[in-house]
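Given next are the chains, with one letter for each unit.
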Amino acid sequence: EPEVTQTPSHQVTQMGQEVILRCVPISNHLYFYWYRQILGQKVEFLVSFYNNEISEKSEIFDDQFSVERPDGSNFTLKIRSTKLEDSAMYFCASGRFGQPQHFGDGTRLSIL
Amino acid sequence: QKEVEQNSGPLSVPEGAIASLNCTYSDRGSQSFFWYRQYSGKSPELIMFIYSNGDKEDGRFTAQLNKASQYVSLLIRDSQPSDSATYLCAVITSGTYKYIFGTGTRLKVLA
Numbered sequence: 001e002p003e004v005t006q007t008p009s010h011q012v013t014q015m016g017q018e019v020i021l022r023c024v025p026i027s028n029h030l031y032f033y034w035y036r037q038i039l040g041q042k043v044e045f046l047v048s049f050y051n052n053e054i055s056e057k058s059e060i061f062d063d064q065f066s067v068e069r070p071d072g073s074n075f076t077l078k079i080r081s082t083k084l085e086d087s088a089m090y091f092c093a094s095g096r097f098g099q100p101q102h103f104g105d106g107t108r109l110s111i112l
Numbered sequence: 113q114k115e116v117e118q119n120s121g122p123l124s125v126p127e128g129a130i131a132s133l134n135c136t137y138s139d140r141g142s143q144s145f146f147w148y149r150q151y152s153g154k155s156p157e158l159i160m161f162i163y164s165n166g167d168k169e170d171g172r173f174t175a176q177l178n179k180a181s182q183y184v185s186l187l188i189r190d191s192q193p194s195d196s197a198t199y200l201c202a203v204i205t206s207g208t209y210k211y212i213f214g215t216g217t218r219l220k221v222l223a
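Protein chains in written order, with the numbering used here: chain A, 1 to 112; chain B, 113 to 223.
Quick caveat, the hints were computed from the structure, so don't treat them as lab data.
Given the structure is predicted, the values throughout are model-derived calculations rather than measurements.
Take the hints with a grain of salt, since some may be wrong.
Keeping only pairs whose Cα atoms sit at most 35 Å apart, straight-line, the calculated DSBU-like set for lysine-lysine is [stated by the list, open to error]:
1. Lys168/B x Lys83/A
2. Lys220/B x Lys114/B
3. Lys114/B x Lys42/A
4. Lys179/B x Lys83/A
Per the computed footprint, the stretches of chain A lying under chain B, defined by three or more beta-carbons under 8 Å from a beta-carbon of chain B, are [to be verified]:
5. 45 to 57
6. 76 to 88
Pairwise CB distance ranges, derived in the manner of DEER restraints [as the list claims (entries may be wrong)]:
7. Glu127/B x Glu68/A: 22 to 28 Å
8. His10/A x Glu127/B: 43 to 49 Å
9. Asn28/A x Ile130/B: 35 to 41 Å
10. Asp170/B x Ile38/A: 40 to 46 Å
11. Ser27/A x Ile130/B: 34 to 40 Å
12. Glu127/B x Gln41/A: 39 to 45 Å
13. Met15/A x Gly166/B: 48 to 54 Å
14. Glu85/A x Ser138/B: 24 to 30 Å
15. Val24/A x Lys179/B: 35 to 41 Å
16. Ile38/A x Pro122/B: 19 to 25 Å
17. Arg172/B x Val12/A: 27 to 33 Å
18. Ser194/B x Arg96/A: 27 to 33 Å
19. Ile130/B x Phe97/A: 33 to 39 Å
20. Asp167/B x Glu85/A: 23 to 29 Å
Ideal Cβ positions, reconstructed from N, Cα and C, are used throughout, including at glycine.
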């Protein structure tokens, strides 16, 4: 069964550094998402992406965040200057219109 | 602010019993409802989805939706210790495709 893949599984970064989280969505999906989950808290929506542009973003997704689909397969989340509070699990998801979203295994981001 | 509410639990049930998990949502225009299971440190895994009022069954799982009362529930029959996890309710509200998640209910199935 096709799945969403995310790399790396764990990223440790110094505060203030840039980080790029990578995702390969399921190939015939057209809607892509990033969510995050701070330890012990609920899963929160960050951004959705469709037709090569952001379709929706949350208040969390400020100017320090950006997303890109640089080629036909990858979908990336960049955090420009990381803060301690960016430490969380970041999940990529993909889906088709009207269908459930499928989640990747996540990237655990630790900011030191 | 559109909200999805769940009792955080833990909900403890004996092996073989029925586990009943509930979720309420604030946006009356919500269209799509999902149940995900999340093991500790893992990603959400889709269990069920439901779009219309009533019941939807899939194996040991039944999702129930009541749009008038704005709640959705998940029943797990013949609960197994391997069902022990956090169950996340996710809702797609009107005018959007994003999920709004509840905090999740932790289920413990006791052997």
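Okay, the hints, checked on the actual structure:
Proximity of Lys168/B to Lys83/A is assessed by CA-CA distance (about 44 Å); at most 35 Å being required, the pair is judged violated. Annotation: proposed proximity of Lys220/B to Lys114/B holds, straight-line Cα distance about 29 Å (limit 35 Å). The hinted pair formed by Lys114/B and Lys42/A meets the criterion: a straight-line CA distance of about 14 Å does not exceed 35 Å. Taken as a hint, the Lys179/B and Lys83/A pair is broken in the structure, with Cα atoms around 41 Å apart against an allowance of 35 Å.
Chain B is given as covering the stretch 45 to 57 of chain A, and this holds because 5 residues of the stretch bring a CB closer than 8 Å to a CB of that chain, at least three being needed. For the stretch 76 to 88 of chain A, the stated coverage by chain B is not satisfied: 0 residues place a CB nearer than 8 Å to a CB of that chain, which falls below the threshold of 3. In this structure the supplied range 22 to 28 Å is violated for Glu127/B paired with Glu68/A, their Cβ-Cβ distance being about 48 Å. Taking 43 to 49 Å as the suggested C-beta distance range, the pair His10/A and Glu127/B does not conform, at roughly 34 Å.
Remark: the range hint 35 to 41 Å for Asn28/A to Ile130/B is upheld by a beta-carbon distance near 37 Å. In this structure the hint that Asp170/B and Ile38/A lie 40 to 46 Å apart at CB is violated, the actual value being about 31 Å. About 39 Å separates the C-beta atoms of Ser27/A and Ile130/B, a value consistent with the hinted range of 34 to 40 Å. Checked against the hint of 39 to 45 Å, the pair Glu127/B and Gln41/A fails, with Cβ atoms roughly 30 Å apart.
For the pair Met15/A and Gly166/B, the beta carbons lie near 50 Å from each other, so the given range of 48 to 54 Å is met. Checked against the given bound of 24 to 30 Å, the beta carbons of Glu85/A and Ser138/B, roughly 26 Å apart, stay inside it. The given range of 35 to 41 Å is respected by Val24/A and Lys179/B, whose C-beta atoms sit roughly 36 Å from each other. Take Ile38/A and Pro122/B: their Cβ atoms lie about 20 Å apart, and the range 19 to 25 Å holds.
With their beta carbons about 40 Å apart, Arg172/B and Val12/A fall outside the hinted range of 27 to 33 Å. Checked against the given bound of 27 to 33 Å, the beta carbons of Ser194/B and Arg96/A, roughly 29 Å apart, stay inside it. Distance hint check for Ile130/B and Phe97/A: the Cβ-Cβ separation is about 34 Å, which falls inside the suggested range of 33 to 39 Å. Between Asp167/B and Glu85/A the CB atoms are about 42 Å apart, so this pair departs from the stated range of 23 to 29 Å.
Hints 1, 4, 6, 7, 8, 10, 12, 17, 20 from the list above are not met by this structure, while the remaining hints are.
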